[in-house]
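**Student:** Based on these hints, arrange chain B on the given structure of chain A.
What follows is the residue order along each chain.
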Amino acid sequence: MKIHKVICEKDIIKILIGAELSDDNLPKGNMELDIENQSQFVEEINDLFVEEHIRVILDMRYINYIDSSGLWALFEGYKTASQKKGKLVLLNPTQDVKRVLDITKMSSKIQIFESEEEALEALQ
Amino acid sequence: MPPLPLRPKFSKRKLDICCKSFSEKGQSAEELVRLLKNGLATVFGYRDSDIILYDPTSTTKTSYVHHTISEKEIQWIVEQTKEWALFATADQAIPHWYIDDRTHWIHTDPDQLRQDCNHYSWHCRDQLFIPILSEERYMLGLVRLQEWADKRLLTEKKIRTQLPHLMTLVHKMGCALDNVSIHQKIELLVAEKHSLKQRIQQDMRDLDRRLLELTVLYDTSNALSHSLSYSQVVALGMEAIYKVLKFDVGAVFLVDFVTGGEIITRINTPVESEFVKKAHANVLAACMPFLKRKLDINRVRVTMGYHIRSNSTPSSDIIIQSFANIPILFKEELLGMLNMCSIEKTSFSKNDLTFLHTMANQLASHLGRLKMMRKIEKSKVSALLKSMNEGIIMLGVESTLEFINPAAKKLLAYEDNTKVLLEDIWQTFKKLEIETLVHRCIQDGKNISSYEVPYKNQILLLDITKVNDTEQHKIGTVIVLRDATKSHHTNRINSRRLEVISRLNMIIKSFSADLDDLLTVVLEFILGVANVETGAIQVLQEGVFVTKVHSNFPDKIFNSYRFKNGQPIVKYVIDNQQLVFIENYRNSPNVHSYSKVALEEYVCMPIMAKNDFIGIVHLARKAEDLDRRIAEDDVTTIATITPLIGTAIRNAFLYQETLEKQKLEQELRVANEIQNKLLPEHLPQLSKVSLGAISLPARVIGGDYYDFIKLQDGNLGIVIADIVGKGIPAGLFMAMLKSILHTHLVPISSPKQALTQLNTLLIRDRVISKYVPLFYGILNPVTNVFTYANAGHEPALYFSKGQFSDLDTDGFPLGSLENGNYEEKSIQLSDHDWILLFTDGVIEARNEKKDSFDHIQLKNLLKKSSQSDADSFVGTVAAYFKTFYHLSKQHDDLTMVALKIDVSKKNNTPLKTTKKTVLSTKQAVKEIRNLCHNIATEMGFDESTVFNIKLALNEAHANIIEHAYEGRLDEEIVFKFLVYEDRLDIKIRDFGPDIEKKTTKSRAEHLDQLEGSGLGIFLIHSLVDKVEYTSGISPGSELIISKKLTKGVQHENP
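Those sequence lines, one after another, are chains A and B.
Sequence positions in the first sequence follow our numbering and run 8 to 131.
Sequence positions in the second sequence follow our numbering and run 31 to 1084.
One or more hints might be untrue.
[What the hints assert, rightly or not] Simulated pairs of lysine-lysine, DSSO-like, Cα-Cα distance not exceeding 30 Å: (1) A:Lys12 - B:Lys956; (2) A:Lys112 - B:Lys324; (3) A:Lys105 - B:Lys324; (4) B:Lys324 - B:Lys586; (5) A:Lys116 - B:Lys945; (6) B:Lys740 - B:Lys504; (7) B:Lys1056 - B:Lys1006; (8) A:Lys21 - B:Lys1006; (9) A:Lys21 - B:Lys956.
Don't read these hints as lab results, they were simulated from the structure.
Excised from the complex, chain A in its bound form (with noise of 0.2 Å):
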């Protein structure tokens, strides 16, 4: 799992999934999120929080597989991201995904784009 944050706009990070890195230094290639690598996830978000970068947009493209210890990750993302008033949303999650989104309700707590402009806009 490689991971890529970046800083888009005040302090809103944006941050970027991707099974290896193109060479362009930029993660690519499709993902599991599972039970095997989610506590790598897990430690990669909580350090943003540590950081107090409480404003995430999670660049889901390249997720093309969660588990329920993926979705557990985000939630709890989410929930501390709301507990110190900030805020995560879900970029361009894959059709499957959505639809695992959707049967656990999880898409009525997280807010889930389509264009990081939206997203954007919806943590400023």
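**Tutor:** Chain B alone, transformed into the frame defined by chain A:
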């Protein structure tokens, strides 16, 4: 008697003028009284009026009275007026009181009256009182009318006609008076307020100043008590004074802290240097009278403590307007002088001077403290220096000799009690050839440490260090001398030893792989260290010390060196684990003189690795090498490095062992893989028969084998065999057997024929010289007839209607006799009949608790599970053995094939079964998920359904890892993917304790209620069609998830 003046005729005009005059001219009460009197006289002709004015805000009254009037009379009027005012309405006319006969009025003082009567020779007995009221009807005064001078009576009748005008006049006057008094009050108040304000401002200024002084004093005294340098003390003091006084230039002269004195200056306003010089002259002049000696102004050090930076050039006409000099005294000793100059102020105020004195006292006490500390330190230091082992020479700033301690005298070989002069020391330095070096150091202030100089059979180490005081001023140079003769020698040896160790370390690192190579190099190295040519290294191998390498020193030679009692020296070393070093061998009284080669010296030392004795080093110098000697230091050096050699030898051994072990493990792994690949991957699927098979190899790979062969006539051949032998050879043989079986058995429909042909093949093959016990049965899946033949294998077990019997025929194992004489028998199977084929490992199992498993246990197990299908039964057997062998070693392979006739099974036959066993690690989750992906995709599920199945399976799997096994990584989970025509069943079997019911039931519907595994369970239930959970299967539980395959139009899940 003069005629009485005529009473003036009343004129309205006159009255108006009078009334107007009150507001125009009445600037004060006196003026108003005068105007009223005038009015009364001119308008009405009353010349004898008495007027009393009251200040309504105070009790004072002013009387303009010319005739007697008693207090009682006044009091009565006042009360009457007040009483009237209390009840009078706004438009009620102002009252008046006419007293017609005072002689009978109780308030009149008769004496007074008499006095007046006498004075005027007239008895005036009536009087009229009119109160003077303000517009708001406050009583401002009263008017009394009498006519003493005119010797007339007022008479009530006369008054009545005049009264309204009279009242008007008095009333107007009252109003004017009211205005005047209000004006006066206001003016008075304004004036008072003004003066009060000024007083407050002054007080505030005083308070601020006092507060500033106190704060500054408090802060400064705190900081002062922590400061340890006099310049800091002075800086703090000046800063404090500046905060309070805002002086322009300040200078503090300190008498004794630096030789010759020091002036520390603080400049707050840019001034010319002349100005500063004047300030300095001032302070020095102020000091002169107090000092016992004359000050050399040129030697006074001048320090700028603080200098304001300014871009503008100071104007040259700035002069000192005023200055103050305050002495700094500590215990009647003058420590210095404080000088403050001001350009603005013409003089320092009393407050300023008081504060300066306070600060001077503060400075004095802290400077005094520092001075005393210095004295104490100095005496401590000199006591310390005297007692030091190192030689210490201290030179002053101008290279004066300040101090030399006894140790230094001794080192430089001076007589102990002679006085050493500076010249003597320089003389010595010259002798040591370090004169210029020391000079340079003193001048440059550069430190020198550990400079070695040989001097009179000793080696001196020289340190030269400049010494600064706390203010970083140089106050001298210290030269430290040490005798390094001994340590010089030890250092040389230590450094050689370190070098030897590090070189040996390098050698060991680069040769760790091969022991012989390593020892050859090590021996060469040790010989080099000891400077000899003969030596050997022995290593303990399997209880004996073997000579691994030697240089002209084989064991038959060194074994010949013996002690006098005949014991070989090497034997002594082995027994005592002690180093033996014999110098001058030929003449040593302890050793046997006979030897093969004459030796001068012989060293025999043990090699230890931790506490184990693992080798011996021999070093010898032959008699012909006369010019060499083994130095004792070198022996010690070698002794210190032997543990390194020991460790290296041990590591080399370990390395070899590891290599061998790795080879063995590799072999095992290969054999295991071969065996796994030889066993059938899937069970054959029959419509009315359920089949199951397990093979549990022991840790050392064995030769158990089973197989299903689809015969030409549509029947199913079932083989079980137990190949003698283990490991790769057995595996290879099994591979061959499998290929023979599959090539030759397919067309043969009789087990007897099949075994006979196999036997012939094996007998003829010279390469294979093995006996193979083998049981072969053929099932006709239509008629359910089972025909079988046994070649010396464990008989099969038949279970029908509660009865057990063996299925067996005579015959030797395959490959043992030319003519096997195999037989065959048949049996008609009915619904629910069982046949078990198994190797002897199954019924001869023993564990470490000495429990055994035999026919009886097997039968009981089958009886209990006879309702399940064959696959589940072998699963139960496998679970049973898992518990049975818990922590024990399984010593034989366990293999079993189960067959059950199950007519009702019809629709329940999977097209394909894939079984996969994994350990309970998180990594396996992905592996299983990928396997599931392939199976489901192949079945024709659409992408999103595949995703759903994967996720449900994933959640079940994770649930087992986290809850059933609680995170243990070495437990097994068995997955079975059953592919049916219309659905996919996945059986997930674990062997852990029961998962609590609640974790497997979907109750929570809302996200917030889903805790821990709840979300996973919720997902499983949401994503697949059927979830079945069976717990308490000795031990463990099984979860079956099922997904229907809808052909044709695929529906998107919600």
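**Student:** Taking the hints in turn, state whether each one holds.
**Tutor:** Consistency of the hints with the structure:
With a CA separation close to 26 Å, the supplied pair Lys12 (chain A) and Lys956 (chain B) stays within the 30 Å bound. Note on Lys112 (chain A) and Lys324 (chain B): the hinted pairing is violated, with a Cα-Cα distance of about 98 Å set against a maximum of 30 Å. Note on Lys105 (chain A) and Lys324 (chain B): the hinted pairing is violated, with a Cα-Cα distance of about 98 Å set against a maximum of 30 Å. The hinted pair formed by Lys324 (chain B) and Lys586 (chain B) fails the criterion: a straight-line CA distance of about 98 Å is larger than 30 Å.
Among the hinted pairs, Lys116 (chain A) with Lys945 (chain B) is inconsistent with the structure: their alpha-carbon atoms are about 40 Å apart, more than 30 Å. Restraint check for Lys740 (chain B) and Lys504 (chain B): the C-alpha separation of about 107 Å exceeds 30 Å, so the hint is violated. Using a Cα cut-off of 30 Å, the hinted pair Lys1056 (chain B) and Lys1006 (chain B) holds, with the two alpha carbons roughly 16 Å apart. Restraint check for Lys21 (chain A) and Lys1006 (chain B): the C-alpha separation of about 42 Å exceeds 30 Å, so the hint is violated.
This hinted pair checks out: Lys21 (chain A) and Lys956 (chain B) have alpha carbons roughly 28 Å apart, not beyond 30 Å.
Of the numbered hints given earlier, the model fails hints 2, 3, 4, 5, 6 and 8; all others are met.
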